[in-house]
Amino acid sequence: MANTKIKDQEWDLIIKPESAWWDLRLREVWRYRDLVMLFVRRDFVSLYKQTILGPLWLIIQPLMTSLTFTVIFGNIANLPTDGLPDFLFYLSGTVVWNYFADCLKKTSETFISNANIFGKVYFPRLVMPVSTLISNMITFTIQFALFLAFLAYFKVSGADVHVTIWALALPLLIVLMAGLGLGLGIIISSLTTKYRDLRYLVTFGVSLWMYATPVIYPVSSIPEKWQWIARINPVTPIIEAFRFAFLGAGSANWGMLAYSGGFTALVFVVGLMIFNRVEKTFIDTV
Amino acid sequence: MGKTVISVEHLSKRYDLGVIGTGTISRDLSRWWARMRGNPDPYLKIGQVDYGNRNGDSIWALKDINFKVKQGETLGIIGANGAGKSTLLKILSRVTGPTSGLVKIKGRVGSLLEVGTGFHAELTGRENIYLNGAILGMRRVEVDRKFDEIVDFSGVEKFIDTPVKRYSSGMYVRLAFAVAAHLNTEILIIDEVLAVGDAAFQKKCLGKMGDVANEGRTVLFVSHNMSAIEDFCQRVILLRQGQISSQGNSSEVIENYLNVTNRNLHERHWDHPDDAPGNQNVRLMYVGIENLTGESQLNLRVDKPLRLRFRILSKIESNKFHFNFQLYTANHVCVFNTASIPQTFPRGVVEATCDIPANLLNDNIYSVSLMIHCKGVEGLHLPDALIFEMEDAGRSDWGWYGKWIGVMRPKLNWNVAFMNEE
Chain A
0 MANTKIKDQE WDLIIKPESA WWDLRLREVW RYRDLVMLFV RRDFVSLYKQ
50 TILGPLWLII QPLMTSLTFT VIFGNIANLP TDGLPDFLFY LSGTVVWNYF
100 ADCLKKTSET FISNANIFGK VYFPRLVMPV STLISNMITF TIQFALFLAF
150 LAYFKVSGAD VHVTIWALAL PLLIVLMAGL GLGLGIIISS LTTKYRDLRY
200 LVTFGVSLWM YATPVIYPVS SIPEKWQWIA RINPVTPIIE AFRFAFLGAG
250 SANWGMLAYS GGFTALVFVV GLMIFNRVEK TFIDTV
Chain B
0 MGKTVISVEH LSKRYDLGVI GTGTISRDLS RWWARMRGNP DPYLKIGQVD
50 YGNRNGDSIW ALKDINFKVK QGETLGIIGA NGAGKSTLLK ILSRVTGPTS
100 GLVKIKGRVG SLLEVGTGFH AELTGRENIY LNGAILGMRR VEVDRKFDEI
150 VDFSGVEKFI DTPVKRYSSG MYVRLAFAVA AHLNTEILII DEVLAVGDAA
200 FQKKCLGKMG DVANEGRTVL FVSHNMSAIE DFCQRVILLR QGQISSQGNS
250 SEVIENYLNV TNRNLHERHW DHPDDAPGNQ NVRLMYVGIE NLTGESQLNL
300 RVDKPLRLRF RILSKIESNK FHFNFQLYTA NHVCVFNTAS IPQTFPRGVV
350 EATCDIPANL LNDNIYSVSL MIHCKGVEGL HLPDALIFEM EDAGRSDWGW
400 YGKWIGVMRP KLNWNVAFMN EE
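Sequence order for the protein chains is A and B.
Going by numbering that gives the first Met the number 0, the first residue of the first sequence is number 0, and it counts up by one from there.
Going by numbering that gives the first Met the number 0, the first residue of the second sequence is number 0, and it counts up by one from there.
Check the hints yourself; a few may be wrong.
The following label-pair restraints were derived from C-beta to C-beta distances [to be verified]:
id	chain 1	residue 1	chain 2	residue 2	range
1	A	Thr284	B	Lys67	45 to 53 Å
2	B	Glu229	A	Glu9	26 to 34 Å
3	B	Ser167	A	Ile58	31 to 39 Å
4	B	Glu229	A	Thr284	33 to 41 Å
5	A	Glu9	B	Glu214	19 to 27 Å
Calculated lysine to aspartate or glutamate pairs in the EDC-like style (CA-CA distance at most 16 Å, straight line) [said to hold, decoys possible]:
id	chain 1	residue 1	chain 2	residue 2
6	B	Lys303	B	Asp362
7	B	Lys157	B	Asp147
8	B	Lys103	B	Glu8
9	B	Lys319	B	Glu294
10	A	Lys193	A	Asp283
11	A	Lys48	B	Asp160
12	B	Lys69	B	Glu185
13	B	Lys105	A	Glu9
14	A	Lys48	B	Glu121
15	B	Lys410	B	Asp396
16	B	Lys207	B	Glu121
17	B	Lys410	B	Glu251
18	A	Lys279	A	Glu27
19	A	Lys193	B	Glu121
20	B	Lys402	B	Glu388
21	B	Lys69	A	Asp196
22	B	Lys103	A	Asp11
23	B	Lys203	B	Glu121
24	B	Lys2	A	Asp11
25	B	Lys164	B	Glu121
26	B	Lys103	A	Glu17
27	B	Lys103	A	Glu9
28	A	Lys15	B	Asp63
29	B	Lys69	A	Asp11
30	B	Lys402	B	Asp362
31	B	Lys2	A	Glu9
32	B	Lys410	B	Glu350
33	B	Lys105	A	Asp11
34	B	Lys410	B	Asp391
35	B	Lys402	B	Glu420
36	A	Lys15	B	Glu8
37	B	Lys105	B	Glu185
38	B	Lys67	B	Glu8
39	A	Lys104	A	Asp196
For the record, the hints were derived by calculation from the structure and aren't laboratory data.
Even glycine gets a Cβ: it sits at the ideal position worked out from N, Cα and C.
With the hints as extra help, turn the sequences into a complete structure.
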């Protein structure tokens with residue numbers, strides 16, 4: 000036994016039917032970092048080729064969404080916004096939610112939309128979802144800058160908003176959203192190799208989830224007996240903390256964020272395990 | 000000879016046929032639960048006959064493959080369609096995993112199962128070189144170093160900053176091959192990528208492949224182009240129905256392969272009953288294929304009927320049996336299964352004929368898998384009892400001579416009538 004062990008070490012690669020679920024070969028993903036960056040570049044460059052406005056769409060989209068929300072939910076439905084300017088309130092929710100939702104939606108298509116590449120060449124499959132996260136990160140950065148610009152504008156115009164010390168927690172909030180989106184996304188992408196139905200579920204599931212998350216209303220406006228729904232939703236504390244950090248209204252507390260963190264960690268680990276199992280032979284079933 | 004850099008040990012791969020899984024999550028869960036408790040699969044169909052490498056709902060694309068490749072060796076892999084070549088390459092290049100067995104590899108592996116994988120139509124030639132190179136496993140600095148060489152080889156310098164969707168298909172393929180050809184790994188796995196571009200570029204590709212082989216790198220090469228295989232490979236493995244049928248010196252194995260696949264089996268005699276296929280009840284004496292009209296020269300055209308003749312020796316009294324055969328295409332697709340009515344015969348010679356009508360089969364290579372069932376059990380089974388190729392004919396009405404697709408080409412009753420004026 001000891002003898003074969005020594006012999007095995009001479010090999011650079013051993014292909015076998017089963018591998019340990021914890022063997023994620025992250026070092027391999029690191030070796031393919033150039034590919035990650037090229038995919039990011041490809042996504043960014045190809046998205047707006049042959050469009051007149053190009054990357055401006057990244058700004059137009061959250062602006063239009065927030066304007067729509069302002070008109071419908073703010074002016075017509077008259078939903079409360081924790082005393083914040085309607086537009087800023089919706090813009091903050093939209094920008095944060097979009098990052099999470101895009102991570103989830105795009106990574107959930109990892110296997111199906113890349114089947115033709117995966118069927119012809121090997122590279123660590125995790126490269127795809129990781130590059131998706133980074134592409135979305137660029138989008139988020141641009142939209143976040145847009146948000147800051149409006150924040151400054153409203154501040155100067157004398158609106159009652161103030162940035163709190165929680166703003167320093169922004170990287171943590173981003174990591175949580177990315178982790179949760181990636182974890183759920185790769186679980187779904189692993190299952191869609193067999194059950195295509197999930198694709199349709201994701202499309203409207205994500206929009207429904209948005210309404211179950213305080214994107215267009217503050218947690219404080221939820222009646223007491225429905226508060227628990229907001230509480231079990233792991234995205235709630237992230238959005239609330241973001242609002243508290245940059246607008247100074249809402250609620251941010253470490254306990255709720257810790258819950259989000261725990262939930263994210265669990266989903267992330269389970270996701271990686273399933274992904275690791277499926278990536279080897281999914282090409283036979285997809 | 001160098002040391003072993005690829006070692007394949009008891010490698011097998013099973014594919015499930017038909018529907019993937021059972022189709023619903025609940026059934027999949029109960030199947031999984033049964034498996035966890037060690038019970039048989041509740042959804043496996045029972046009583047299915049085992050045809051060659053096919054077993055119930057699954058097919059063994061590879062079965063217990065063992066071989067080793069030494070450093071610097073160029074190994075060719077040949078075999079008919081469906082023999083498992085592509086599956087083997089996919090496992091070696093880690094596109095899919097094996098069902099059982101091991102592969103051990105020393106050194107970096109580059110695999111070219113297709114040229115231009117991951118090319119994005121909106122990106123320029125330059126961007127695609129970097130992207131495709133990275134997909135194939137090259138680092139950015141490596142591509143930087145070889146960039147000029149790649150562009151030079153492809154011959155598309157002028158259009159290097161144009162999106163590849165504006166390329167002609169020839170330019171596209173040349174650029175794609177150029178990237179692949181500069182992949183610099185110790186082990187290279189190549190699947191038929193040579194058949195690209197025009198004749199001049201193909202020659203260039205072949206030259207490049209020859210260089211690669213001479214550089215002392217280890218190459219695994221799959222192709223249907225026997226002359227390319229013979230030129231490049233010192234050693235060849237012949238796969239047949241997922242197993243290694245023979246391996247060794249390339250010219251010997253290639254000859255062996257061509258004999259098996261290209262020789263039509265139109266007629267076979269067994270002179271000594273003891274050597275013939277069969278058992279104590281029945282022995283095969285003769286199988287043959289002939290024209291119905293009795294031409295001296297066998298003429299198998301899709302528009303002519305043909306007759307299969309089987310002669311057997313029935314070795315026991317009041318032997319009740321029937322003849323049965325399946326017709327397969329060269330890709331091992333079953334065209335049909337047919338059987339005679341069971342009848343009882345005394346000891347002696349029995350002859351059966353079966354006529355296949357004109358205008359039923361397509362122009363294709365077909366093989367006959369013969370079975371004789373005595374008293375309800377299989378008395379004889381001879382796969383590839385006959386192999387024949389149908390010639391194309393009767394196309395003048397259409398004036399079109401492309402490949403007529405389909406496993407069959409039946410002449411069906413068409414009725415086209417003019418109904419009334421507009």
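Results for each hint:
1. A:Thr284 / B:Lys67: 45 to 53 Å: 31 Å, violated
2. B:Glu229 / A:Glu9: 26 to 34 Å: Since the Cβ atoms of Glu229 (chain B) and Glu9 (chain A) sit about 33 Å apart, the hinted range of 26 to 34 Å holds.
3. B:Ser167 / A:Ile58: 31 to 39 Å: 38 Å, holds
4. B:Glu229 / A:Thr284: 33 to 41 Å: Given about 37 Å between the Cβ atoms, the range holds.
5. A:Glu9 / B:Glu214: 19 to 27 Å: Since the Cβ atoms of Glu9 (chain A) and Glu214 (chain B) sit about 23 Å apart, the hinted range of 19 to 27 Å holds.
6. B:Lys303 / B:Asp362: The hint holds at about 12 Å.
7. B:Lys157 / B:Asp147: Answer holds: Lys157 (chain B) to Asp147 (chain B) is near 13 Å, not above 16 Å.
8. B:Lys103 / B:Glu8: Since the Cα atoms of Lys103 (chain B) and Glu8 (chain B) sit roughly 8 Å apart, the hinted pair holds (cutoff 16 Å).
9. B:Lys319 / B:Glu294: Roughly 34 Å between the alpha carbons, so the hint for Lys319 (chain B) and Glu294 (chain B) is violated.
10. A:Lys193 / A:Asp283: Distance ~10 Å between Lys193 (chain A) and Asp283 (chain A) Cα, so the pair holds.
11. A:Lys48 / B:Asp160: 14 Å, holds
12. B:Lys69 / B:Glu185: Roughly 12 Å separates the two Cα atoms, so the pair holds.
13. B:Lys105 / A:Glu9: 7 Å, holds
14. A:Lys48 / B:Glu121: 7 Å, holds
15. B:Lys410 / B:Asp396: 13 Å, holds
16. B:Lys207 / B:Glu121: 29 Å, violated
17. B:Lys410 / B:Glu251: 43 Å, violated
18. A:Lys279 / A:Glu27: Status holds; Cα separation ~15 Å.
19. A:Lys193 / B:Glu121: 31 Å, violated
20. B:Lys402 / B:Glu388: Judged against 16 Å, a Cα distance of about 15 Å means the pair holds.
21. B:Lys69 / A:Asp196: This hinted pair is violated, its Cα atoms lying about 47 Å apart.
22. B:Lys103 / A:Asp11: 8 Å, holds
23. B:Lys203 / B:Glu121: 28 Å, violated
24. B:Lys2 / A:Asp11: 14 Å, holds
25. B:Lys164 / B:Glu121: 6 Å, holds
26. B:Lys103 / A:Glu17: At roughly 14 Å apart (the allowed maximum being 16 Å), Glu17 (chain A) and Lys103 (chain B) satisfy the hint.
27. B:Lys103 / A:Glu9: 9 Å, holds
28. A:Lys15 / B:Asp63: 14 Å, holds
29. B:Lys69 / A:Asp11: Answer holds: Lys69 (chain B) to Asp11 (chain A) is near 15 Å, not above 16 Å.
30. B:Lys402 / B:Asp362: 9 Å, holds
31. B:Lys2 / A:Glu9: Distance ~11 Å between Lys2 (chain B) and Glu9 (chain A) Cα, so the pair holds.
32. B:Lys410 / B:Glu350: 30 Å, violated
33. B:Lys105 / A:Asp11: 5 Å, holds
34. B:Lys410 / B:Asp391: Holds, because 14 Å separates the two Cα atoms, which is no more than 16 Å.
35. B:Lys402 / B:Glu420: Violated - the C-alpha atoms of Glu420 (chain B) and Lys402 (chain B) are around 36 Å apart, more than 16 Å.
36. A:Lys15 / B:Glu8: Given pair Lys15 (chain A), Glu8 (chain B) holds - Cα atoms ~10 Å apart, limit 16 Å.
37. B:Lys105 / B:Glu185: 9 Å, holds
38. B:Lys67 / B:Glu8: Within the cut-off at roughly 8 Å; holds.
39. A:Lys104 / A:Asp196: OK: Lys104 (chain A) and Asp196 (chain A) at ~14 Å, within 16 Å.
Of the numbered hints given earlier, the model fails hints 1, 9, 16, 17, 19, 21, 23, 32, 35; all others are met.
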